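Given these sequences and hints, build the entire structure.
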Amino acid sequence: RRFGIGTRSITILPIGGLALLDSMPKDPRQEILVALAGPAVNLVIAAALWLGLAVAGRAGALTGADLAGGTILPTLLAANLLLAVFNMLPAFPMDGGRVLRAVLSLRMDRVRATRLAARIGQALAVLLGFLGLTGNPFLVLIAVFVWIGAGAEAGAVEAEARLAHQPAGRAMITDFQTIAPWHKLSRAIDLTLAGTQKDFPIVEDGRIAGVLTQAAILRGLRDLGPDGLVSEVAAPVETADV
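For what it's worth, this note's numbering labels the leading residue of the sequence shown as 25, then goes sequentially.
Derived by calculation from the structure, the hints in this document are not laboratory data.
Please read these numbers as outputs of a predicted model, since none were measured by experiment.
Using N, Cα and C, we set each Cβ at its ideal position, and we do this for glycine too.
Derived Cβ-Cβ restraints for the label pairs, each shown as a range:
1) Leu130 to Glu256: 57 to 67 angstroms
2) Phe200 to Ala103: 46 to 56 angstroms
3) Arg131 to Leu248: 51 to 61 angstroms
4) Val135 to Val68: 31 to 41 angstroms
Under the rule of at most 25 angstroms between Cα atoms (straight-line distance), these lysine to any residue pairs were calculated in the SDA-like manner:
5) Lys222 to Ala188
6) Lys222 to Arg186
7) Lys208 to Pro225
8) Lys208 to Gln238
9) Lys50 to Ile172
10) Lys208 to Leu253
11) Lys50 to Leu60
12) Lys50 to Gln146
13) Lys222 to Leu248
14) Lys50 to Ile144
15) Lys222 to Glu256
16) Lys208 to Pro260
17) Lys50 to Gly175
18) Lys50 to Ala183
Shown next as structure tokens:
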């Protein structure tokens with residue numbers, strides 16, 4: 025939030041949490057700080073747990089009867105340390121991959137830095153996969169996760185760079201297909217499959233009477249089938265959700 029970047033969601037995975045941010049800072053120094061925040065939290069939690077265990081140990085608070093305090097807290101401490109180390113691996117989508125990209129961005133452009141960081145991450149994925157095949161199968165899952173994440177990050181940054189200087193008019197739809205209220209939903213499906221348009225203006229007597237959205241099409245197919253009429257599922261133009 026300090027850099028004006030919001031967090032859309034946090035997905036809990038078997039290997040940790042994955043935060044979906046609105047964007048990543050373009051300033052490499054800011055990106056380093058943002059990427060280090062996650063592992064830093066793990067280290068702070070681990071330090072607090074260690075301090076609590078140390079104090080409790082000196083005070084004799086942890087006894088054989090306090091099984092939960094004697095087992096769960098050390099486990100949480102170890103888990104947070106492992107998460108901090110794992111997240112600092114130099115591979116996307118872990119925080120270490122973003123730190124590596126940011127450091128490389130200090131010497132080269134962001135696209136090249138991302139591409140190089142992704143290759144390093146995928147090389148690490150190959151190594152993890154090999155170790156998984158010869159030992160812990162869970163490493164194979166991590167390897168697949170890292171390989172896909174690295175490729176996705178590189179592709180997203182390259183696409184962003186290609187589109188950055190393109191006018192919106194080159195990406196917008198200028199040849200709109202329309203549909204009539206009495207058309208069947210199968211007609212909307214045909215139009216959807218024939219092009220890239222997902223929502224359709226409903227035209228009646230030369231005026232726009234509503235909008236048929238992709239969500240309405242799917243809902244209509246579920247409830248009415250392909251022979252259902254557009255007028256039965258379309259939103260009127262005053263309340264259309266587009």
